[in-house]
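A.B. asks: Now for the letters of each chain:
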Amino acid sequence: MVARAVGKALPHDSAHLHVSGTAAYTDDLPEPRDLLHLAVGMSTVAHAKVLDVDLDAVLAADSVVAVCTAADIPGENNYGSIVKDDPLFADGLVQYVGQPLFAVAATSVDAARKAARKANVTYEELEAILDPLDAVAKESFVLPSETLVRGRPDEGLEEAPHRLRRRVSLGGQDQFYLEGHIAMAIPQEDGGILVYSSTQHPDEVQGIIAHATQREAKDIVVICRRMGGAFGGKESQAALIACLAAIAADKTGRPCKLRLDRDDDMIMTGKRHDFIIDYDVGFDDNGRIMGVDFEFAARCGMSADLSGPVNDRAMFHCDNAYFLENVRILSHRCKTNTVSNTAFRGFGGPQGMFAIEYVVDDIARTLGKDPSEVRRENFYGHDERNVTHYQQVVEDNMADVLFDRLLASSDYELRRAGIREFNARSKVLRRGIAITPVKFGISFTSTLLNQAGALVHVYKDGTVQLNHGGTEMGQGLYIKVAQVVADEFGISIERVRTTAADTSKVPNASATAASSGSDMNGKAAQKAAAKIRKRITAFAARHFGVSEAEIDFRNDVAHIADRIMDFPELVQLAWANRVSLSATGYYRTPKINYDRTTFSGRPFYYFAYGAAVTEVVVDTLTGENRVLRADILHDCGDSLNPAVDLGQVEGGYIQGVGWLTTEELWWNDKGEIGTHAPSTYKIPTCSDLAPDFRVELLQNAKNREKTIYRSKAVGEPPLMLGLSAFFAIRDALAHDGRPDLQAPATPEAVLRSLRGSGSE
Amino acid sequence: MSTNAIRFILNGEVVETDVVDPTRTVLQFLREDLHLTGTKEGCAEGDCGACTVVLVEVDHSGTDVELKTINSCIQFLPTIDGKELITVEGLRGKDGGLHPVQQAMVDQHGSQCGFCTPGFVMSLYALYRSTPNPSRQEIDDALSGNLCRCTGYRPIIAAAQSMHAQADSWDAREHLDALARVRRDADLELEAEGRHFFAPVDVASFARIYAQHPDATILAGGTDIGLWVTKQHRELETIIYTGRVAELLDMRTSDSHLEIGGAVSLTQAIPAIIEQYPGLTELFRRFASPPIRNAGTLGGNIANGSPIGDSMPALMVLGASLVLRQGDEERELDLGGFYHDYQVNDLQPGEFVARIRVPMAHDGVLVASHKWSKRFDQDISAVCTAYSLELDGDTVTRFRMACGGVAATIRRAAECEKAINGAAWSEETIDRACAALAEDFTPISDMRASADIRLVAVQNLLRRFWFEARGELDETVYTYGR
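Listed in order, the protein sequences are those of chains A and B. In this text, residue positions in the first sequence follow our numbering: the first is 10, and each later residue adds one. In this text, residue positions in the second sequence follow our numbering: the first is 737, and each later residue adds one.
Please keep in mind that the hints were generated in silico from the structure rather than gathered at the bench. Keep in mind that the hints are not guaranteed to be accurate.
When the alpha-carbon atoms are kept at most 30 Å apart in a straight line, the in silico DSSO-like pairs for lysine-lysine are as follows [what the hints assert, rightly or not]: (1) A:679 / A:127; (2) A:17 / A:540; (3) A:93 / A:260; (4) B:1154 / A:436; (5) A:543 / A:17; (6) A:58 / B:1154; (7) A:679 / B:967; (8) A:679 / A:147; (9) B:967 / A:260; (10) B:830 / B:804; (11) A:127 / B:967; (12) A:227 / A:536; (13) A:536 / A:436; (14) A:227 / A:514; (15) A:540 / A:93.
Partner residues are not named here, just some residues of chain B that face chain A (Cβ under 7 Å, in silico) [claimed, not checked]: (16) 851; (17) 857; (18) 1185.
Note that the coordinates shown come from a computational prediction; the quantities given were computed from them, not determined experimentally. Using N, Cα and C, we set each Cβ at its ideal position, and we do this for glycine too.
For reference, chain A alone in the conformation it holds in the complex:
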């Protein structure tokens, strides 16, 4: 029996540290001598010329050592990674409430935060654009609008026997990682800077700091052992925080730490894009879509940030699991005087999928059909109707299989009938049920990002240090990749230690994002480990005069023909015979190829699938709603770690439900966000978990592509399982007329829908 680590439900590698408070996050690291703490002075208006920033009182405040403004940036005043439109410090112009104007460095956190409030800023206010529709009307965009057309949408619409149009608004979402943004920059000899950053993308932090401080990449080291959650919120945004710390460290020559207060974090940094969705759909009597025309207006905020690829992904995913023969998508990337929106688990995909799910739900309600039938009617085929609107052939379609299995295992039809009966006799409460599929494309749509590196060291005692470009944010990446490496050497997982993501160990790493972490870093690490194993094997073959085929590593033992040697013993021997025991590994995702100018090709290596059935109860007097039961079937391929993957599926679902129910972002008419703390921004709590919650990973589900152990990416896809909760609420409301329900389905939104019912 060969003990394998891959496929085992091992605990998170830091679980024992998490529970005992000994897992060190950036703010827990020992503080260097002479550390200064930073606080950021932020714009209080949404759009204005900055006539004067008087910092005399700030500088004079207790314990203050220095202030930094745009004038203190030796190099480039920018942290925008794609478009250079994101100033680190506003320079003459502020474009949102919360935009950094300056930083103050003091000897304590309190002193810095108190001092930051003492600035005297003179503004000349300019007209502010605060919502996406206003931006469309005024043609205010961060990037040009994009159109993707397949087939003949106009003809499809005209020829269809049924046609529907609707506008629906879909709210954004704050990442609400429990650990707020933080970085600590420590000056090193000869101009170097060492930065501890809570970031999904150390390489980008390194590059942006180098540019801002007029250094080169070689001068900057960025390290991240773990984040206290990220969810996309620390993909591009972490660079701002780290860069401000580095600029202050550069100016003062002292270590500088910037830890954002929760409110400042939520005011200053980006969130999921909210969308206004317009659609026009034509369909036949069976509910099959004959033509659909989408117009998306996304709130990008004041800069491009990642809004280009986010909105591209929304365009790619407005098919979800459905074949759209004739489709037009017009996508506006609206520039508003609000915080620049950014990555959040799903990266535009959820918004696109919400749009098409609303369409199919509406079709069903128009035709008086069960929405699950209309969903089925529109699924991609296996041999035909299997090309996406961006010309990728869906080779691995499993949406229908999962859907049907879940329909059966969840007793969907029986329960639906029971719910109808209940609603007919219930005075105030309504129940609703919905099943929604998930098909989510895996790969960065920017092809060049689909590469990863790893570094593996085997020490003389037979233990292994593993490093790769991936960052750990709670998703269990480190344990999954360590499992791969342990198996490559046939050793127990306890012999493998993963070290912090570190730009000086693995260079040029892509962000840990797009669900790609274990796919890419798992492969890269496997390759690195395999190189060393092959060297040891070759050596052992020579040394013992056997063929390489007779050598095998398993259960911490090397089997060399008839000889058995403990792994450490063989490693020691190899070292003594001057065999290199360190190697890098490199992986690039195969097969992908995509032309952004035409929106066509194969942007995704494969698709991940899932399905969810959610049942809810809604109070028609109060609009309050609760999930009663959720059934989920999700495809992780052959899971590297079923416990970790189950955690991603469960957590993703709840996060998706939160997005569409209780989590509401609210701005006032001055562009100030009112929901900037957990007191006002409500993510799900423990009692929000359905009392009946049944989650399964699809078994025997090897990825048809040659991914690491035929597993599938699992970070983002489960979030979209939460769509079923929204449509279950809509189902409940359908008893009282066709619901015009906006997202999130807060009690207020539900009451509005009920009051508007039948009016359309």
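Knowing the structure of chain A, use the given hints to seat chain B on it.
C.D. replies: Using the frame of chain A, we list chain B on its own:
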């Protein structure tokens, strides 16, 4: 011991420290001064629970201890003088092994990013001590002050359900002995850089100090005042703490009233109120979270006077009154007359809420309350309503309704009450009463709800009460299927 020192027990050891800033939080002290970084800051406002620690005190019997979770991020350090604090670093057994709660969290995969985990572990630890084999509802309630963004809670609930499989080595005696070592019977007075912190032990002393410092900030649970410091960076010159004043901590019942001292915690006051008025159970279950209820006081909720405070609508319809004290003088005031305008109340300089008098329930009165917010647990009401109803046959002999979230203060719905009192308890009357609510209240729009829907909500909640009172609607979305 320096005169400016406080003493408490931390994870079994006596800690004695000079107070240089009376508003320094327990969390700052742990992380910045002691470098005990296991306890995390997630929000610095008592809403996420990452900073949860457990406070141990001698209970009322004097022969046992009681454990309370608190949010260390908004708890001022001098308030834990004489008490015992347990942090996540203090849970491991003497053999260095994980505590059963910690082990259950590992076994059930209850952590992902791990940042919320120490807070969850401490809340679970308090539950482990208080509740063998907790039900799902008891788990939900115990964890309602802890946010996790990664797991979706299922594995944490599983940990709570399995943690009792292993016993730990608890000995209350050890804690009683430790607490005896730091016990303080006299007033505590601290002065640091001209700023004062007083923690008197009897009400005469409290009244005297307040009379001498009428501009002082009265600190009870600190669940709001904590934020003045952590969020608004206000410097409080003089603080007088109610939490050690014996008379203010007293709660007793007479034939006619429940008498709740001004510093009685919500955790202690709520069961006594619910015992009289079971219709308020859900309201109080949803009132903040255990750490906030453990620190926060009923008197503080009232004196603070937020227009979205959750206790006052119910207390108003119950006809509760306040005993206000200034020096040696006491007066009694109906709660309905206490609030004059937004953050303006009837308290005179140097006057404080000595106790709250809640009438005992009598036969034939029906009392209920509704809280309307985006989230069930640990949310601030967008609208909060309360009602008391007495009928003679089908005729209403007395109806009271009070609302929060729809005006500058919590107040009674005078026109609505007029429409109902003396009328038939009928749908027509309720229709008229709902129309009257539009005359009573002109709500505003904010992040919690829009003006128009707030009014709709108040009207619909009244309708809901009507259904409930008639026995036609006994379930809410929160009770349905659970």
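A.B. asks: Take the hints in turn and mark each one as holding or not.
C.D. replies: To see whether the hints hold, each was checked on the structure:
| no. | hint | result |
| --- | --- | --- |
| 1 | A:679 / A:127 | holds (22 Å) |
| 2 | A:17 / A:540 | holds (24 Å) |
| 3 | A:93 / A:260 | holds (23 Å) |
| 4 | B:1154 / A:436 | holds (27 Å) |
| 5 | A:543 / A:17 | holds (25 Å) |
| 6 | A:58 / B:1154 | violated (55 Å) |
| 7 | A:679 / B:967 | holds (21 Å) |
| 8 | A:679 / A:147 | holds (18 Å) |
| 9 | B:967 / A:260 | holds (28 Å) |
| 10 | B:830 / B:804 | holds (23 Å) |
| 11 | A:127 / B:967 | holds (15 Å) |
| 12 | A:227 / A:536 | holds (26 Å) |
| 13 | A:536 / A:436 | violated (63 Å) |
| 14 | A:227 / A:514 | holds (12 Å) |
| 15 | A:540 / A:93 | violated (40 Å) |
| 16 | 851 | holds (3 Å) |
| 17 | 857 | holds (6 Å) |
| 18 | 1185 | holds (5 Å) |
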